[in-house]
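Peer 1: All chains, please: the whole structure from these sequences, using the hints.
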Amino acid sequence: MERNLRKTRTGKVVSNKMDKTIVVAVVDHVKHPLYKKIIKKTYKLKAHDEANECNIGDTVKVMETRPLSKDKRWRLVEVMEKAK
1 MERNLRKTRT
11 GKVVSNKMDK
21 TIVVAVVDHV
31 KHPLYKKIIK
41 KTYKLKAHDE
51 ANECNIGDTV
61 KVMETRPLSK
71 DKRWRLVEVM
81 EKAK
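So the sequence shown is numbered by the numbering used here: it starts at 1 and just counts up by one.
I should point out that these hints are in silico values taken from the structure, not numbers from a laboratory. No false leads were mixed into what you were given.
In silico DSSO-like pairs for lysine-lysine, Cα to Cα no more than 30 angstroms straight-line: (1) Lys41 with Lys84; (2) Lys70 with Lys40; (3) Lys82 with Lys46; (4) Lys70 with Lys20; (5) Lys12 with Lys46; (6) Lys7 with Lys17; (7) Lys7 with Lys61; (8) Lys7 with Lys82; (9) Lys7 with Lys37; (10) Lys72 with Lys84; (11) Lys40 with Lys17; (12) Lys82 with Lys41; (13) Lys61 with Lys40.
Okay, the calculated beta carbon distance ranges per label pair: (14) Val14 with Lys70: 17 to 23 angstroms; (15) Leu5 with Ile56: 27 to 33 angstroms; (16) Pro33 with Lys84: 35 to 41 angstroms; (17) Val77 with Tyr43: 16 to 22 angstroms; (18) Val79 with Ile38: 25 to 31 angstroms; (19) Lys17 with Val77: 19 to 25 angstroms; (20) Thr8 with Ala51: 17 to 23 angstroms; (21) Lys84 with Thr10: 16 to 22 angstroms.
For each residue, glycine too, the CB sits at the ideal point set by N, CA and C.
Peer 2: This is the structure in structure tokens:
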């Protein structure tokens, strides 16, 4: 699979306690199937952070990758905004 065809997501770092791993909360807007109301759904992804550069509250972009562990299937691409 080419790198430009892989999925990318943007979210906030909610945990960086693990070594070389961050947990990213991604907000998705979905329409309710019956009532058609737009609902915010939040899901968490574990992503590989090779340099341990992320802190809690950072806005980051992650990219899909091969399985790196039991739960990790995403890799950090860039830190878009540092937490204040």
